[in-house]
Amino acid sequence: MTFLSFAAPFLPEIVLLAGTLLVFLLDVLNVRRIEVVGGISVGATLAALVLVIADLGFSPLSFLSTIPASQIDVLPAAGAAPLYSFTSFGLIFQGVFLLAAFFVCLASTSRPSTERGAPIFYGLLLLATIGMLLVAIASDLIFLLLAIEVTSIASYLLVAYTRKDLRGLEAAMKFFVIGALSTVLSFFGASLLFGAYGTTNLYLIRATAGAVGYPTLVLLGYGFLIAGLAFKVTLVPFHAWAVDVYDGAPDDVSAFLAGGTKKIGVFAFFLVFLGPVLVVGASGQSGYGLFGGSVALGPSFQVVLAVLAVLTMTVGNVLALLQKEMKRMLAYSSISQAGYMMIGIAIGSAPALAGATLQVFAHVLMKTGAFLVVGAVAALGVGPLITDWRGLGVRRPLLGTSFALMLLSLAGVPLTIGFVSKFVLFSAAVDAQGWFIWLAVAGLLNSALSVFYYARVLKVMFFDAPPDPDPALAGAVVGAAGPPVLAVGGLGYGRAATIALIAALIVVVGIYPQPVLGAIQTAAYHFVNVGA
Amino acid sequence: MLPVISIILATLAVGTVATFLSGTKARWVALAVSAVFLAEVGFLFLGYPGWPGYSGALVPGFADSETYTWIHLSWMHVNYAVGVDGISLVLILLTAILQIATVVYSWGETRRPAGYFGLVMLTCFGCFGVFVALDILLFFLFWEAVLVPMFFIIGYWGGPNRRYAAVKFFVYTHVASIVMLVGLLALVFYSGATSFDFSSVYAAARTLSPVVQTFLFLALFFGFAVKFPVVPFHTWLPDAHVEAPTGGSVLLAGLLLKLGGYGLIRWAVEVLPSGLHSVQPLLFVIAFITIIWGSVLSLAQRDIKRMVAYSSINHMGIVLLAIALDSSLGLLAAVLLMFAHGIVSALLFMASGSLHHQYGTRDISTLGGITPSAPALSTMIMAGSLASLGLPALIGFPAEFTAFLATWNGLGYWVLIPLLVLVITAAFYLWMMQRVLFGPPKAIPPVVHDVPWYEGVGMGLLVALTVLFGILPSLLVNVIVNSPIKGWPGT
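Protein chains in written order, with the working numbering: chain A, 1 to 532; chain B, 1 to 491.
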């Protein structure tokens, strides 16, 4: 294998790495204008995104494809222990990760052009994205955990990149300590599994899982692994750090953390519990992951994951109800949304996996978008409390309508992507029958509950009279009682374009999900039936 | 064949967007859209058997059914499937009439007209979608799509307590929808239907055991009952209706309540006959309680708008009773009642809105003897009230008569309950008219103008239809009984 043919499939990662190095180099050369470094980062993420879409088999872009079709979705030779392998499912996640990074890069170009630390921000963001891409192709526990570490370390630094902001520093410290603990737990779990299986390769584990059975070592290993990953995905009761970190981090970083990096944990769950490890059921059909086939790890693990899912949804929602600050409310709602994704893992069928993946995609749009709006609104000088947003929807129709769409989508109102993802997920739960239907019921009840706090925000934004003087009008050339500000005034074009783009995607995919959903379904089917 | 229904949906969608974007010209755009919509609905009627001038072949089951693949996954097939039968056609006509009447009536709306008229268009778009959807997901989508514009109409253009009313409306109906969604999903997956289409669910659901059907029916009924609304899920209605602006109340009472009745007929009664059979006694009890409760509370109201709102609960109770009878005559009565109530309650809400605009109050005891100062308005109030209490030759009569006849056929002497309640209904309308319209003038301010021309035209249109369909109910009956259910000719 020549170096070129080895390296070609990694072109997206290479593009991002080149972008990272270039940005850091420019920092050293004192070229720190946000237009330059931001432009490079936007270009790098967009180029990587296009490459990944080409690799996924999108025919108009096929000339850009760098991964031979013969390398995607194939089982390695018996006994081989590849560190990484390309699955269409992983590529979809790469695309989702890159989308989140692209949104944040684009929106951040609207920050003051002389702001300090812009190269650091962009460099770290690209670095974190590289780690995320690597997570999506891992097929070895150690490779997976190291890739997660790449992202984690970059994101600890991201939270504190302004260096002056005490809240950011505190958040970074907390993030780092918890993150380190989570890493330790994951690695400990992986080492126990190594002890049990004699390998950390997921394909080899899959081959030997049936013979090894479920001694205490395996149960403990998976237990620690679940705990370690649960921190990353902010599952209750491993969630406490998330709200303070999202709250304390700079707004664009919160958007990236909640919308982007959190999802690597979700993918890791898929990978460890449903992917190459899967023991396909006797019929060879999409069984129920590791748990439902002829060789079951024991339904007890499935119950554990289901309980985590329900706990996460419910606790996240209830706490979100009690919040007074917009950012903290969104943080708790982000926790509860992670619970929906866990439903897919607990069920483990291909439909459920597809539903959970669409939920991940939806969450990237909704949550990245929501935090970006929060950042935009804060940049206008509006306070952090929900009640500070009085009348904002009427005064700033672009922000207001987009944010309303994001919230409605989070609440699962039809014609938005959030509805489609929940619909597919819950219908998969009903389809799986048995006790899984209760997961659908729990999810639906939680959706109903979440309506309360989203509707409250809509009420404040659209029905309450705006404060006087109205900070939301800052940067716009109208009087306090003037007409709504249709122009981008005070937002910056990058931010405005990103928010509008996300809002449009939420509706378009919500109305016609077939292209996205079809691709996800095929990929999910291949993922739970590797090589089938 | 022309995909008429899809063309209408597209018209409404484009019209809605255009209205939102048209700024101060919004009312003209909205009027144009409504006129086109009405014309298209007329065209739809011409292609339907039973309507004068019909010439064409009836597609088995539903006329003009159009199906395209929408979401196609290994474990679920969702189609874009639309179609109409006589029942939905009558309610579509109601949608078109109320849309244009609301637009004309609201001609003087000056607070952010683009938003207001756009939301009105969106509400009617959603209602039309509910009436034509023949796929569970599509149905649910439109069902929920009605919710959002109404939330904003109440919350932004409503009365003093609008925020509370808007949130309460949203939460009540959304929670109900979610339970309904579980029911609908379970209907598909438990029956083993091959797709989310009405036809395949209809065929598959009949194989379900009566016990399963009962549970599914209850889940669906809960969703529809809140929209209806029946006691005890009715408390959102008075708040929402009273706080909403007049146009919002018209759409709420005239259209949104009909969604519940229509949904119950289409997706529960038709699909789950054994389910209906086993919960029939429960439905009768709920219907009777709703009829009595709505009427008694109407009698106690001081606010004329609130009175009309409670009388809506009473009327929808009769609709539920008629549906629960599970007879073809009962279904006919239910659809007629829904149409009649749609027109009449819209008229009454408009009249009480005008009363509020002109006199600054809707309080029955404060008002008095307004006939000399506002003869046109008084005529409208009188026409609406008389139609609502079931005076012959007005639209309420044939509907209620059919309902009581069906009740007599199905339940015998139990018909006395709704009949006696009708006396209360007549009482509160007559008492209201006596106090508000007649007697010595004591209005505040003493000198007022009659209604503005646009409000008069909006209400006049409805009065004319009240008379037209009161004298010629056969126009509607012939269309309704051509639906492919319950032993009607279309089967």
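What the hints contain is simulated information worked out from the structure, not anything from laboratory work.
If you're wondering where the values come from, they're calculated on a predicted model, not measured in any experiment.
All C-beta atoms, glycine included, are put in the ideal place defined by N, C-alpha and C.
Mixed in with the good hints, there may be bad ones.
[Claimed, not checked] Derived SDA-like pairs: lysine to any residue, alpha-carbon spacing no greater than 20 Å straight-line:
#1 A:Lys164 with A:Val218
#2 B:Lys168 with A:Asp247
#3 B:Lys168 with A:Leu449
#4 A:Lys164 with A:Phe58
#5 B:Lys168 with A:Arg456
[Said to hold, decoys possible] Not everything, but these chain B residues come out facing chain A in the computed CB check (under 8 Å):
#6 Met76
#7 His77
#8 Leu185
#9 Leu282
Outcome of the hint check:
Restraint check for Lys164 (chain A) and Val218 (chain A): the C-alpha separation of about 46 Å exceeds 20 Å, so the hint is violated. Taking the CA atoms of Lys168 (chain B) and Asp247 (chain A), the gap is about 30 Å. The hint is violated against a cut of 20 Å. For the hint linking Lys168 (chain B) to Leu449 (chain A), the alpha-carbon distance of about 13 Å falls within 20 Å, and the restraint holds. Our distance criterion of 20 Å between C-alpha atoms is broken by Lys164 (chain A) and Phe58 (chain A), whose separation comes to about 45 Å.
A threshold of 20 Å between alpha carbons decides the hint, and for Lys168 (chain B) with Arg456 (chain A) the separation of about 11 Å falls inside it, so the pair holds. Below 8 Å, beta-carbon pairs count as interface contacts, and Met76 (chain B) has one with chain A at about 6 Å; its hint therefore holds. With its C-beta approaching chain A no nearer than about 11 Å, His77 (chain B) sits outside the 8 Å limit, and its interface hint is violated. Taking 8 Å as the C-beta contact cut-off toward chain A, the hint placing Leu185 (chain B) at the interface holds, the least distance being around 5 Å.
The beta carbon of Leu282 (chain B) comes no nearer than 22 Å to any beta carbon in chain A, farther than 8 Å, and the hint placing it at the interface is violated.
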